[in-house]
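Go ahead and model the full structure; you've got the sequences and the hints to work with.
Using my numbering, the first residue of the sequence shown is number 1, and each one after it goes up by one.
Note that these hints are calculated values from the structure, not bench results.
Among these hints, one or two may not hold up.
30 Å max Cα-Cα, derived DSS-like pairs, lysine-lysine [unchecked claim]:
#1 Lys144 <-> Lys173
#2 Lys37 <-> Lys234
#3 Lys318 <-> Lys76
Restraint ranges, calculated between C-beta atoms of paired labels, are given here [stated by the list, open to error]:
#4 Glu143 <-> His388: 54 to 60 Å
#5 Phe33 <-> His300: 41 to 47 Å
#6 Leu122 <-> Glu319: 41 to 47 Å
#7 Glu143 <-> Ala45: 38 to 44 Å
#8 Lys173 <-> Lys234: 25 to 31 Å
#9 Leu122 <-> Asn23: 40 to 46 Å
#10 Ala43 <-> Leu140: 46 to 52 Å
#11 Asp374 <-> Ser30: 18 to 24 Å
#12 Gly3 <-> Asp314: 42 to 48 Å
#13 His300 <-> Lys173: 36 to 42 Å
#14 Asp374 <-> Ala43: 42 to 48 Å
#15 Gly195 <-> Gly3: 19 to 25 Å
#16 Asp374 <-> Asn23: 25 to 31 Å
Glycine is no exception: its CB is placed at the ideal position from the N, C-alpha and C atoms.
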Amino acid sequence: MRGKSTRAVHSGEKLDLEVGAVNTPVYLSSTFFIEDKMDRINAGADPTDIYLYTRLGNPTINAVEDKIAALENGEKGLVFSSGMSAISSTLLTMVKSGQRILASRDLYGGTYSLFEDIFPDLNIGVDHFDIERPEQISELAKEKTAVVYIESVSNPLLKVADIRKIVELAKGKDLPVICDQTFATPVNQTSLDLGVDVVLHSASKYLNGHSDVVAGAVVARKELVDRIRDRRKKLGTNIAPHAAYLFLRGMKTLVPRMQRHNENALALAKYLQDHEKVEMVYYPGLETHPSHDIAKELLHGFGGVVSFELEGGDEAAKEFVSKLLVILNATSLGGVESLATLPVVTSHSTISPKQRLAMGIRPGLVRLSVGIEDVEDIIADVDHALAHA
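Structure (structure tokens):
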């Protein structure tokens with residue numbers, strides 16, 4: 001198998017040999033000539049490579065799907081209009097009305113809201129287990145439980161899932177495991193190699209890496225991806241060709257970008273843990289993080305997100321982000337630029353204070369997506385903001 005950087009650059013690319021372009025073209029066409037395509041499909045040809053209508057398939061979109069599958073060491077990939085559409089389309093394929101999801105308690109706020117606000121109306125229940133106590137899977141799995149759902153590195157406290165143990169316990173109950181790997185990326189972890197059945201991404205983050213597209217991705221075995229593709233077709237959660245092109249372009253530099261994110265975030269975390277105004281630093285690369293040992297075992301890098309709590313609670317956190325000069329106060333993460341945000345007003349704003357506390361999200365928490373700028377400038381900016389907050 002070729003190296004990960006080589007796959008990131010070359011896998012999936014559909015070169016236009018007639019013109020000689022080295023990049024996959026953007027096929028901005030909603031429809032395609034039919035010719036004998038229906039006869040080929042009826043004869044058993046794989047419909048994913050036969051283009052009729054862009055909601056059903058498109059060469060630019062297929063190139064992205066092949067690239068992410070290659071990076072995740074998976075059979076097939078599928079891309080969507082957003083991370084949430086990838087999550088919802090996958091779960092609505094694998095979980096039926098009357099069944100239940102067994103999910104870790106530490107979840108992105110949008111996922112948590114989907115589970116709490118939408119799925120009950122569809123008669124889909126959700127039970128939660130502590131990601132730091134995977135043995136609860138055996139205790140909480142019910143007869144109607146259909147899947148186990150986790151984040152490999154949780155948002156925003158960066159708890160690292162013991163995926164090997166979770167897979168072992170889930171398989172003991174004949175349950176497939178779905179893993180949101182947005183924070184880890186296939187550079188720092190390939191969860192399919194650890195036994196996970198489905199990998200999900202908010203591709204708006206590290207996979208794209210330039211904060212200029214919203215997208216989602218799924219990688220799994222072909223049979224399951226084909227089922228999810230059919231659900232995507234019917235729900236209309238597919239990505240547009242131009243967004244797919246930006247996603248495709250972004251993945252070419254994923255490996256060197258993640259290496260820089262990993263290096264910069266570790267340096268910032270080490271700086272923060274010694275600062276008098278910082279009460280707690282959450283970063284799995286630090287020995288003080290509860291998941292450090294698991295992270296060393298299962299991750300190839302500790303990621304580009306550092307979360308920390310400031311003395312003075314939420315008011316101090318708001319003052320801190322207002323004093324930043326280089327780092328931008330904006331939601332999302334995973335771009336080349338550093339971003340700082342307060343989960344209480346962004347990613348987890350839809351969750352009640354009681355629910356946030358149950359997740360361990362306390363007042364004064366800042367989540368910092370560390371970019372690829374010079375690390376000296378990042379640390380100097382944080383130092384300035386802390387001094388003036």
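Going through the hints against the structure:
1. For the hint pairing Lys144 with Lys173, the CA-to-CA distance comes to about 11 Å; that is within 30 Å, so the pair holds.
2. Proposed proximity of Lys37 and Lys234 is supported: the alpha carbons are some 21 Å apart, at most 30 Å.
3. Restraint check for Lys318 and Lys76: not satisfied, since their Cα atoms lie roughly 43 Å apart, outside the 30 Å limit.
4. Glu143 and His388 have their C-beta atoms about 57 Å apart, which keeps the hinted 54 to 60 Å range intact.
5. The hinted window of 41 to 47 Å between Phe33 and His300 holds, with their beta carbons roughly 45 Å apart.
6. For Leu122 paired with Glu319, a C-beta distance near 42 Å keeps the hint of 41 to 47 Å intact.
7. A beta carbon spacing of about 40 Å between Glu143 and Ala45 agrees with the range 38 to 44 Å that was offered as a hint.
8. Distance hint check for Lys173 and Lys234: the Cβ-Cβ separation is about 30 Å, which falls inside the suggested range of 25 to 31 Å.
9. Leu122 and Asn23 have their C-beta atoms about 41 Å apart, which keeps the hinted 40 to 46 Å range intact.
10. Take Ala43 and Leu140: their Cβ atoms lie about 47 Å apart, and the range 46 to 52 Å holds.
11. Judged by the Cβ atoms, the range 18 to 24 Å given for Asp374 and Ser30 is violated: they are separated by roughly 44 Å.
12. In this structure the hint that Gly3 and Asp314 lie 42 to 48 Å apart at CB holds, the actual value being about 45 Å.
13. A beta carbon spacing of about 29 Å between His300 and Lys173 contradicts the range 36 to 42 Å that was offered as a hint.
14. Look at Asp374 against Ala43: about 58 Å separates their beta carbons, and that is not inside 42 to 48 Å.
15. The hinted range of 19 to 25 Å is satisfied by Gly195 and Gly3, whose Cβ atoms lie roughly 23 Å apart.
16. For the pair Asp374 and Asn23, the beta carbons lie near 29 Å from each other, so the given range of 25 to 31 Å is met.
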